[in-house]
Structure formats: C-alpha cells, structure tokens
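Chains as they are written, first to last, in the numbering used here: chain F, -8 to 274; chain D, -8 to 274.
The list cannot tell twin chains apart, which means a pair is met if one copy fits it or any two copies do.
The calculated DMTMM-like cross-link candidates involving lysine to aspartate or glutamate, where the alpha carbons are at most 25 Å apart (straight line), are: (1) K68 <-> D229; (2) K68 <-> D213; (3) K68 <-> D264.
None of these hints come from the bench; they were simulated from the model.
Protein chains: 2
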Amino acid sequence: MNRTEDRPLTVATADPPVTAVDEHAHAWSPATARARFRDGLAGPTAGVAAGHTQVNLISVPADWAYDMLLFCQRNPKPCPVLDVTDAGSWTTVLANGADLRTDLPRYRVWRDGELVDEPTDVRAHWRGDLVSFLIGCSFTFESALAGAGVPIRHVEQGRNVPMYVTSRQCRPAGRLHGPMVVSMRPVPPQHVAAALRETGLLPAVHGGPVHCGDPSALGITDLGRPDFGDPVVPEPDDIPMFWACGVTPQAAVMASRPPFAITHAPGQMFLTDARDEQYRIVA
Amino acid sequence: MNRTEDRPLTVATADPPVTAVDEHAHAWSPATARARFRDGLAGPTAGVAAGHTQVNLISVPADWAYDMLLFCQRNPKPCPVLDVTDAGSWTTVLANGADLRTDLPRYRVWRDGELVDEPTDVRAHWRGDLVSFLIGCSFTFESALAGAGVPIRHVEQGRNVPMYVTSRQCRPAGRLHGPMVVSMRPVPPQHVAAALRETGLLPAVHGGPVHCGDPSALGITDLGRPDFGDPVVPEPDDIPMFWACGVTPQAAVMASRPPFAITHAPGQMFLTDARDEQYRIVA
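Extracted from the complex, chain F is given alone in its bound form:
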C-alpha cells in the first residue's frame, strides 16, 4: 500500500461483538435504537432499524470545520454530508430528540491524530466548540441491495463490513489530507448490475462503487485482512465490489492530526429518523 505516512493508519480497536446487537434490532424504531445505545448497548449497526438512514459522525473544533466541510465537498463519494451542526450543538435535524454525545453505540476520541479512547458516551469529552458532520453510510444502501435480491455476505455471516485504506489519495482541503477508505462486498456476477444500479441511485450514501474486481487497483494486498471491520468469506465466483466509505474522515484525522476529534467507531453508526428512500434519486 502506498502511504506517505510511516505509521499504520489502522489502530487497535475494542473487540466488537460480531453478531447483531439484538435479534430484534432490525425492527426497532430509530428512537428505540438510539435509546438502547444511550443505555450502553454497543456493536455494529448493520441491519438495525431497517430502512432508516445510518450516518458516520465526525466532530471537530470549529477552527477545523471549514477544512472538514471543504474536504467533504472535494471528496463527495467518501464524504457525502447529510447534516452539519452549529458549533457546540449535539442535536441534528436528522433525528428528533437525539443527543449526538450519547446515542451512538461506540465512539472514538482522537488527540493529535491518535486514538485515545473508545467510550460508549462522550459527554466527558465534549467541547463547546465542536462542529459535528453527519456523513452518509453504505449500510443505507444495503436495504436497497437486499430488496433487489443482492446477497449481503457480511450480514449473512454476522460480521461487520470489511473496510480498507486504499492507495487513492483524497483531494486535500486546507490542513486535511489522507487516503480514501472503502467498504467491500463480495457480489455474485449475476447481481453486479443490480448492485451498480441500486447504489448509483443513492449518491447521498456514497452512490455507485469506486471499483469492482481487482483489489490491487486500490492498493489492497489482502482482502482477508481489512483495516477496519471484519474479514468476510466470499463465495466462489463472487466479485469484490468497493464503495467509498465514511470512515475516510477518520483516515484524514490519522494522517492530518487535528488537535482533537470525536468520531463513531467503524460500523457502529448513528441512527437517524430519515428513511433510506428519502435519499434515493427519483428517475
């Protein structure tokens, strides 16, 4: 992998449960899911409150907010912004009554680009100058994929989606730079066209894939060793499809080292009240 940094961009992580957070979680309302996570439940959110939009979180000091918003504008496939809060606010128009400091399953707290904590509540870390970015998540398009008959291997296998740091650099913005991160789903050949079409119609949640087929084209040397999430076992003939991933801002934090940031833990997303259909292009 071509990296300009001399340290790895991945970090040791708290050991997440690889099974769904609750066998009934797919039927929860988003408000119920947020309440459970507020009460301390943690784990990957794929399939939770099915049909409701999940988002990546990154909160940075107001002094870094313009660089982050510009980074997102210049890299819309990995960083499609669905909401930006006013400085210090922990509410969002995307989820009625939600508290961004408590309602995610698990967070990551970063100082100078280093992971310093992985709590399930960040009230103790909160600062009055934090601006929060809510960024589209590929979990959103999994209901569209499933609806079109495309098998989702990591859901079948009860694992978090595998994510990889690529050799593609994002377009820099101010003090922010870093590589693009992708999520990968192995797709049977007869379902590739449907996967392209369904995800292409959802540009607010990364849209169509950035690559299909050869992992080495993205600088990925071993699909069995993802940088985030869990390895997934493909079926024979499955084609690996790669979508730009909302963990990309975390890679930018690791590469660019802002003094402080709070993010979600990869795969453990914020549940909004929005419905996936709202972000689907009508055509």
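Since the structure of chain F is already known, use the hints to place chain D on it.
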C-alpha cells in the same frame, strides 16, 4: 410574496441581448467560449458549447466562506457545489487554464448586499481573500431534456430562462439566509414525466423540480414578470415546472448583506470543461 425584507430582492439589470451570443456558439469548445467572453462578448449562455457543464459563480471574502459552504450544504437543491477555490485563486479544477476574473460573459459586484457594478471583467474588483464557489446550473440539464424530446421554450423563443424569487426560505447558515430562487420551464403534459426523470438523474445540477403546476404554491403571483431573466410565452396546456436555481446565493447576498461579493450575471454562466454526462447518475 412573503418576504421579511422591506426592499425588493430584485435589482435593475444591464439590458442583456435576448438572442444567442453567437449563432455558432453551440458548437464552440468551452475554451473558445471562455476566450470570447474574456475578449468582452456578453450575453446569456444557454446552449453555448452544448453538452458542457455551465456553473454559477459566487465569490465571497474568506471570512464568509464557511457560512457560504454551509449554506450550500444545507440547501443542496438550489446550491449544488461543484468546486470551491482556495482563497485568492482564480483557477478551478473544472476548467483548464481558465481565469474566473475574466472568463464569464458578465459579472455582478455587490457591496453590503447592494449591486454596485455589472462589468464584463472583475480584475479591478478582485481581492486576495476571495473564495469562489462554482455551483451547478440548470442549463446543464437542458441538453438532457432536449435529448429526451422535451421542448425548451426559452431557447425556442431566444430568451434567457425566467427566474423567480419564491416564498420558500432556505435553511439559514451562520450569517446567511434568504429565499429560494427557481427557474421555470413550461413543459407539455406528455413530456412532464421525461423532464422529471432526466433532471432527477442530475442532482449535481439541481436535480428534479421542486414544484410543478401552481406558481402560487411558491408565492409567485405573475409568471409574466420574472425577477431575473426574461418572460417566456407558454403554449396552451403547458405545465410550468420549477427547478431550484443557482441564483439563490445572490438572493442570500441581497438578504444577508455580506460586505462584498462577486457573482455571475443571471443566465450568463461560466463554461467548464466538464461534460454534462459526468454529472449524470448511472442507473
């Protein structure tokens, strides 16, 4: 029209030519179009360098850039951002060798929300702290509409597209607020579905319409008196279709009064090297 301001949001304008800037302009390359405009040619750009993406321009002092970028993020239908320059730069990744200070047909210069000049070159007004926003333009989807057989009345009639200030307020961002501006095209009933589909697939250039049918639903009292551009005569049975318009940031300038701004003159857009197809959702 419900406006919170006690002064009109429209302004007297230089009288633009209502015919195409040149009978051969549709076949120009974007570089040729920019060169002609740099040499002083001015006029509406609908149909110029056909198939190439045209964009709205708004340049604001760096101190206002975060508010403007956030305003665009919060109002993506009127303000889909295609590029943002670094402060002071007059180049863009969207057009090789272009100079944003000279290559538009006509500009508007604003001080404290008031129009103070409409030159064809803004080098004398340029400041080293200006950040320029290039925002998608509905002219881009007119080639898709024409390709689908949808008649474009204002092009048939050799006029600039009519634009209206609506009663819908944009979501504010920092110091910026203002009403949404829309462009209007009268569409025969049998072509409405195609117009919806074709524009829906182009979210980077405003996407599908915000309203079809009743102008009063948008607070528009007289389609014959647009706030920008020219009135267009509909055919009997034509249905007025309204798309969010990139003049919206100019309405925000008039309502919010930043100390300084430079914009394009409505309908006289910047020609990029990008092709309209690049912004079409593949589905």
